[in-house]
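Visitor: Sequence:
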Amino acid sequence: MKSLRIKKKKDFTRILRVGKRAHAESLTIVWTPSDVMRYAVCVGKKYGKSVVRNRLKRLLREAFRSKAECFGIPCAVLLIPREAKEYSYAAFARDLGKIIRKEKLLAARPADDVEGLPANGGTLSEKEGV
RNA sequence: CGAGCGGACUGCGCGGCCGCGGCGCAUCCCGAAUGCGACGAGGAAAGUCCGGGCAUCGCAGGGCAGGACGCCUGAUAACGUCAGGUGAAGGCGACUUUAAGGAAAGUGCAACAGAAAUAGACCGCCGCUUUGAAAGCGGUAAGGAUGGAAAGGCGAGGUAAGAGCUCACCGACGGGACGGUAACGCCCCGUGCCAUGUAAACCCCGUCCGAUGCAAGGUUGGGCUGUGUUCAUACGGGUUGCCCGCCCGAACGCAGCCGUGAACACCGCUUGAGCUUAUCGGUGACGGUAAGCCUAGAUAAAUGACCGCGCUCGACAGAACCCGGCUUACAGGUCCGUCUCGAAGU
RNA sequence: GCGGUGAUACUCAAGAGGCUCAAGAGGCGCCCCUGCUAAGGGCGUAGUGCUGUAACAGGCAGCGAGGGUUCGAAUCCCUCUCACCGCG
Numbered sequence: 001m002k003s004l005r006i007k008k009k010k011d012f013t014r015i016l017r018v019g020k021r022a023h024a025e026s027l028t029i030v031w032t033p034s035d036v037m038r039y040a041v042c043v044g045k046k047y048g049k050s051v052v053r054n055r056l057k058r059l060l061r062e063a064f065r066s067k068a069e070c071f072g073i074p075c076a077v078l079l080i081p082r083e084a085k086e087y088s089y090a091a092f093a094r095d096l097g098k099i100i101r102k103e104k105l106l107a108a109r110p111a112d113d114v115e116g117l118p119a120n121g122g123t124l125s126e127k128e129g130v
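Start counting the first sequence at 1; every next residue gets the next number (our numbering).
Worth flagging that the hints you see were computed from the coordinates, not collected in a lab.
Please read all numbers here as calculations on a predicted model, not as lab measurements.
Any given hint could be a false lead.
[As the list claims (entries may be wrong)] For lysine-lysine, the following DSSO-like pairs were computed, each having C-alpha atoms within a straight-line distance of at most 30 Å:
| # | residue 1 | residue 2 |
| --- | --- | --- |
| 1 | 67 | 57 |
| 2 | 20 | 102 |
| 3 | 98 | 85 |
| 4 | 46 | 102 |
| 5 | 67 | 20 |
| 6 | 46 | 67 |
| 7 | 85 | 67 |
| 8 | 98 | 20 |
| 9 | 67 | 102 |
| 10 | 45 | 85 |
| 11 | 85 | 57 |
| 12 | 102 | 85 |
| 13 | 46 | 98 |
| 14 | 20 | 45 |
| 15 | 57 | 46 |
| 16 | 67 | 98 |
| 17 | 45 | 57 |
| 18 | 102 | 49 |
| 19 | 46 | 20 |
| 20 | 85 | 49 |
| 21 | 67 | 49 |
| 22 | 20 | 57 |
| 23 | 46 | 85 |
[Claimed, not checked] Computed spacing ranges between beta-carbons, pair by pair:
| # | residue 1 | residue 2 | range |
| --- | --- | --- | --- |
| 24 | 83 | 35 | 31 to 39 Å |
| 25 | 83 | 12 | 13 to 21 Å |
| 26 | 21 | 89 | 16 to 24 Å |
| 27 | 36 | 84 | 29 to 37 Å |
| 28 | 103 | 49 | 27 to 35 Å |
Quick reminder that beta carbons are idealized off the backbone N, C-alpha and C, glycines included.
Using the sequences and the accompanying hints, generate a full structural model.
Guide: Structure follows, in structure tokens:
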């Protein structure tokens, strides 16, 4: 899954400039269409010390992993959590689902029509239908 | 049984399922692909406070400056660390704490108070003179008052009053004998005592220190054009803060174009003063010998989510070149001791 | 990861072992000036916590936190906390 990470500073600044923002209670995401499905988590020093930051990143990655198949089209996504005292997987997963429903449900329809998508996209749309 | 003291260890466990990191093997459509396998954070990984290794610069040159340490003996690659001892302080005790060299080498500082702060007569006490009270002169550091500190302490003798003026004891200083590697201890003799504190103030003495840190540094990969600055007996650059000395002969900056994953890839990057067990030497820190073991290596940076069970319901906390220490944070739990004190019983 | 700098009232800050002293300025409060305001001028408040008083006065603590050295520490020495800066 390493290939699906966004690493370059250039990419970050580009996505932040042109990407669309969507907010939920526990986190914000910035997304833009892309040729492959890619993502990154944004956890700076303001969130706490290394133990807290590491846990936060794991939770976000796990949440994204479980919901990645719900995306209709391949996107580049930045996950930005909201500062809080405690973080939970359940809240991240729920809010990520909400955002996808709000923003992407319409985008998921064309994915069903286009059959010539990469193997990834094909299986995804199938599962989403179920 | 209660209250302590010292030391050592541990840091939720088991199962299922999805997922992550590099590694090994296999497969194929040879890709940052898929499958399988074993492995995968700490006692502090933390703070970055010390000491090393390693790397580059310098070229193993000198001086000044600067910094660190400081009872003794040992351990160690080294240390500001550790071990054992000495002195001092605290505790009934087991024990604990301790930056603990030098103040007759010199300089500085000691506010306020107080008569006086490194030297002294304000009150008081005593004597003499004059006198109505009182004043003057002299003696005196026992008492008062001030202060953190007031001229060794305390008792006796002594005296006009006093004073190491004299004496006993304690302290201090000097010398000697004995024990100990030494710090030092202990005993004897002598000296009436001979200079307050501060060196985490400058300093002196002794020991030690080149600078920069893996963003060190190396490999692959780079050309063209224009232009500017400086320079030949001095200038520029490098060398530690400075000076001397030494090295290099061209060095550096700006703009544009081509090219470029370049804030990239790979190496450094994990086998090491390594770990475990046994045994020998040593009071101990530690060292020797033998056998066995290989135990994270990421780079937007790997341990998580869900379910079930158990219990004491899980603290502090996440490797980033590697080691030895120190310091700080921490839910609890376990074990050890010819350990200490108190109570009760025998 | 590595290296460095700093912390003093609400804000900006001086002080570098004793006293004048926790300076000074902004801000804040009152007064003058004005028909009213701004600007200007003057005066002063007293700073924070605790204690204390009828109310003042006064006392104690306090310079990021905790120890130590010293007769005495904002200042000297350790440990910790927080903030900020630099890096091929």
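Visitor: Now look at each hint and say whether the structure bears it out.
Guide: Here's how the hints hold up against the structure:
With a CA separation close to 15 Å, the supplied pair residue 67 and residue 57 stays within the 30 Å bound. Proposed proximity of residue 20 and residue 102 is supported: the alpha carbons are some 13 Å apart, at most 30 Å. Simply put, residue 98 and residue 85 have alpha-carbon atoms about 22 Å apart, close enough for the 30 Å limit, and the pair holds. Taking the CA atoms of residue 46 and residue 102, the gap is near 29 Å; set against the 30 Å cutoff, the hint holds.
Under the criterion of a C-alpha separation no larger than 30 Å, the hint pairing residue 67 with residue 20 is consistent with the structure, at around 18 Å. For the proposed pair residue 46 and residue 67, the alpha carbon gap of about 26 Å is at most 30 Å, so the pair holds. For the given pair, residue 85 sits about 24 Å from residue 67 by alpha-carbon distance, which is consistent with the 30 Å threshold. As the CA atoms of residue 98 and residue 20 are separated by approximately 16 Å, the hinted pair is consistent with the 30 Å bound.
In summary, the hint linking residue 67 to residue 102 is supported, as the alpha carbons are separated by about 14 Å, within the 30 Å threshold. Our distance criterion of 30 Å between C-alpha atoms is met by residue 45 and residue 85, whose separation comes to about 14 Å. Between the alpha carbons of residue 85 and residue 57 the distance comes to roughly 15 Å, so the proposed pair stays at or under 30 Å and holds. Pair hint residue 102 plus residue 85 holds up; C-alpha atoms about 27 Å apart against a cutoff of 30 Å.
For the suggested pair residue 46 and residue 98, the alpha carbons sit about 26 Å apart, so the restraint of at most 30 Å is met. A C-alpha spacing of about 24 Å is found between residue 20 and residue 45, which places the hinted pair at or below 30 Å, so the restraint holds. Restraint check for residue 57 and residue 46: satisfied, since their Cα atoms lie roughly 13 Å apart, inside the 30 Å limit. Of the pairs offered as hints, the one joining residue 67 and residue 98 holds, with about 11 Å between alpha carbons and a cut-off of 30 Å not exceeded.
Note on residue 45 and residue 57: the hinted pairing holds, with a Cα-Cα distance of about 12 Å set against a maximum of 30 Å. Under the criterion of a C-alpha separation no larger than 30 Å, the hint pairing residue 102 with residue 49 is inconsistent with the structure, at around 33 Å. Between residue 46 and residue 20 the alpha-carbon distance is near 24 Å, which keeps this suggested pair within the 30 Å criterion. For the hint pairing residue 85 with residue 49, the CA-to-CA distance comes to about 13 Å; that is within 30 Å, so the pair holds.
Distance check on the hinted pair: residue 67 and residue 49 sit about 27 Å apart at the alpha-carbon level, within 30 Å; holds. Between residue 20 and residue 57, the direct Cα distance comes to roughly 22 Å. Compliance with the 30 Å bound is thereby established for this hinted pair. Note on residue 46 and residue 85: the hinted pairing holds, with a Cα-Cα distance of about 12 Å set against a maximum of 30 Å. Range check, residue 83 to residue 35: Cβ separation about 33 Å, and the 31 to 39 Å hint holds.
Judged by the Cβ atoms, the range 13 to 21 Å given for residue 83 and residue 12 holds: they are separated by roughly 20 Å. Evaluation of the 16 to 24 Å hint for residue 21 and residue 89 yields a pass: the beta carbon distance comes to about 23 Å. Between residue 36 and residue 84 the beta carbon distance is about 31 Å. The supplied range of 29 to 37 Å therefore holds. One distance hint, 27 to 35 Å for the beta-carbon pair residue 103 and residue 49, holds here, with the actual separation near 33 Å.
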